[in-house]
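The residues making up each chain are set out below.
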Amino acid sequence: MATRRHFLKLTAAAGLAPAVVSAQGKARVVVIGGGFGGATAARTVKALQPALDVTLVEPNPVYTSCPFSNSVLADLREIGQQQFRYDGIKGSGVTVAETSATAVDADAKTVTLADGNKLSYDRLVMSPGIDFNWGAIPGYDEAAAQKMPHAWKAGAQTVLLRRQLQAMDDGGLVVMSAPANPFRCPPGPYERASLIAYWLAIWKPKSKLLLLDSKDAFSKQRLFQNGWAELYPGMIEWVPLSQGGKVTSVDPATLTLTTEFATHKASVANVIPPQRAGAIAAQAGVADRTGWCPVEPVAFESTLQPGIHVLGDAAIMGGMPKSAFAANAQAKVCAAALVKLLAGEKPQDPIVINTCYSLLAADYGISIAGVYRPDKGQLTDVPGAGGVSPLVAVGGLRGQEALYASSWFRTITAETFG
Amino acid sequence: MHRALLPGLASMILLAGPATAADAPPGASSCTGCHAPKKVADSVIPHIAGRKAADIVTFMREYRSGAWPSSVMGRIAKGFDDAQTEAIAAWFAAQPE
Ligand SMILES: Cc1cc2nc3c(=O)[nH]c(=O)nc-3n(C[C@H](O)[C@H](O)[C@H](O)COP(=O)(O)OP(=O)(O)OC[C@H]3O[C@@H](n4cnc5c(N)ncnc54)[C@H](O)[C@@H]3O)c2cc1C
Numbered sequence: 001m002a003t004r005r006h007f008l009k010l011t012a013a014a015g016l017a018p019a020v021v022s023a024q025g026k027a028r029v030v031v032i033g034g035g036f037g038g039a040t041a042a043r044t045v046k047a048l049q050p051a052l053d054v055t056l057v058e059p060n061p062v063y064t065s066c067p068f069s070n071s072v073l074a075d076l077r078e079i080g081q082q083q084f085r086y087d088g089i090k091g092s093g094v095t096v097a098e099t100s101a102t103a104v105d106a107d108a109k110t111v112t113l114a115d116g117n118k119l120s121y122d123r124l125v126m127s128p129g130i131d132f133n134w135g136a137i138p139g140y141d142e143a144a145a146q147k148m149p150h151a152w153k154a155g156a157q158t159v160l161l162r163r164q165l166q167a168m169d170d171g172g173l174v175v176m177s178a179p180a181n182p183f184r185c186p187p188g189p190y191e192r193a194s195l196i197a198y199w200l201a202i203w204k205p206k207s208k209l210l211l212l213d214s215k216d217a218f219s220k221q222r223l224f225q226n227g228w229a230e231l232y233p234g235m236i237e238w239v240p241l242s243q244g245g246k247v248t249s250v251d252p253a254t255l256t257l258t259t260e261f262a263t264h265k266a267s268v269a270n271v272i273p274p275q276r277a278g279a280i281a282a283q284a285g286v287a288d289r290t291g292w293c294p295v296e297p298v299a300f301e302s303t304l305q306p307g308i309h310v311l312g313d314a315a316i317m318g319g320m321p322k323s324a325f326a327a328n329a330q331a332k333v334c335a336a337a338l339v340k341l342l343a344g345e346k347p348q349d350p351i352v353i354n355t356c357y358s359l360l361a362a363d364y365g366i367s368i369a370g371v372y373r374p375d376k377g378q379l380t381d382v383p384g385a386g387g388v389s390p391l392v393a394v395g396g397l398r399g400q401e402a403l404y405a406s407s408w409f410r411t412i413t414a415e416t417f418g
Numbered sequence: 419m420h421r422a423l424l425p426g427l428a429s430m431i432l433l434a435g436p437a438t439a440a441d442a443p444p445g446a447s448s449c450t451g452c453h454a455p456k457k458v459a460d461s462v463i464p465h466i467a468g469r470k471a472a473d474i475v476t477f478m479r480e481y482r483s484g485a486w487p488s489s490v491m492g493r494i495a496k497g498f499d500d501a502q503t504e505a506i507a508a509w510f511a512a513q514p515e
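Chains as they are written, first to last, in my numbering: chain A, 1 to 418; chain B, 419 to 515.
Pulled out of the complex, with its shape left as it was, chain A reads as follows (with noise of 0.2 Å):
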């Protein structure tokens, strides 16, 4: 057993060469992004292969996590317990630029940064997340989002629309906008529907929720709907998209919504806009006309710069919907794959796994989960495997998928953040 060790730790080093020292000396990974794509995929090169040079590019000091900030509006979590700090990535050897990357060359193979420095990279690794479209919706700018928030990156703005949901009226109307796919969190907007009227059904009960949706179908459907009839009667109305549901423009000053079919004078209004991928996706060339990533399916390198990785919301992953769990998860994969590349060897194809809860109520969670491998060039779910939560829960099944659903975040946020 001893000698076999270690032949492998030899074979291991030997194997590695290449990686620990190219001709300018340590291989260097830079990371843009400490998101739970990006955090990961920095302290997961730097823990597989310490030699690399690996470095995480990052303008906040705080993250602060969408996952869980719904609950961060039906009050039943404050905004500090979503937020995370840098140390423990520090501490793993992985060195923290604070500040934004402003471009990449994709050819010269270096990242510019805000504070004036340049960044040489062997491999780059992309999870800037999403920005919005401003303007899809007519009305609908940043400006408009102080009045109307999105809260669809989490922070100031999930603590804007919990003060306005607190100031409204007993007996007013909550209207929100969700886009069609493809989207941040896709079962997002159907969770914060619930917890919002968890506790409009406490503090509130005689307002209700309008959700005007550019869809005809959602993520875990009749689950929420099943869910909403159970727990809240009568107080939230969906608006699918051929029944009127498609926001056409809002008026941030009146705070109205208007539809094809309708105007909509809200009390609180919660517009999510259309998405794309972070804005430095575009500017590195690694975004198409969608917007978003394209990327291959094994080590997620993009497939129009060579060189550059990109990973979670902003990257197109096949099957894979943009979520917390997927994020880390490829981030884990590319890490991988990247340590092999730079060794000079072949990674190997994939599996990753992806696995989501959902609120309804702080003790009524749901999920659904998937398995996904390569196929004709993209992730691809594995048949037979994945869905959602039986429609019938027994023995107390909604319950124990909320208390998964919070350890699920206690871990997630300890392996990204330490």
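Everything labelled a hint here was simulated from the structure, so no lab data went into it. Where is the CB? At the ideal position from N, CA and C, for every residue including glycine. Be aware that one or more of the hints could be misleading.
Stated by the list, open to error - Coverage of chain A stretches by chain B, computed from C-beta distances (three or more under 8 Å per stretch; other residues unrestricted): (1) 208-215; (2) 331-340; (3) 382-392; (4) 405-416.
To be verified - A few chain B residues that don't get close to chain A, going by computed Cβ distances all over 12 Å: (5) Lys470; (6) Thr476; (7) Phe477.
Using the hints provided, position chain B with the ligand relative to the given structure of chain A.
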């Protein structure tokens, strides 16, 4: 049935050896999103690092067949065949508890 699994698994573990994390078998790295590599306070999700490979394989098979009721694990276990499941189990068994 449990005993019959053991010889196959024992040789698997030897083959896997003290694998570097980079060589985790396909699928294994996703598991730690819920099953923390180090124990996390206050988690109701079972800790699997350092568990016996045979036990992990048995659970995964029973989740897959539905013999053991589960929430998400049945849906996830169906994405892995026997060989893939055994490789993942052996890898977790070899991790520090
Ligand atoms: C309300 C809500 C609820 C959700 N609930 C869940 C849930 O329960 N489960 C789940 O799995 N997912 C959930 N999600 C989805 C999850 O938040 C995202 O899928 C996840 O954050 C994606 O990770 P990412 O790394 O792609 O992007 P992000 O986490 O957004 O990270 C991107 C990072 O990049 C940085 N960045 C951007 N541009 C630059 C630049 N030029 N230079 C440097 N840094 C830059 C940003 O500052 C940011 O920190 C939810 C989302 C919302 C909105």
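Each hint tested on the structure:
1. 208-215: Coverage by chain B is violated for the stretch 208-215 of chain A (0 residues, Cβ < 8 Å).
2. 331-340: holds (count 5)
3. 382-392: Our answer is that it holds, as 6 residues pass the Cβ test (under 8 Å) against chain B, meeting three.
4. 405-416: It holds: at least three residues are needed, and the stretch 405-416 of chain A offers 7 whose Cβ sits within less than 8 Å of chain B.
5. Lys470: holds (18 Å)
6. Thr476: holds (19 Å)
7. Phe477: holds (16 Å)
Hint violations for this structure: number 1 only, all remaining hints satisfied.
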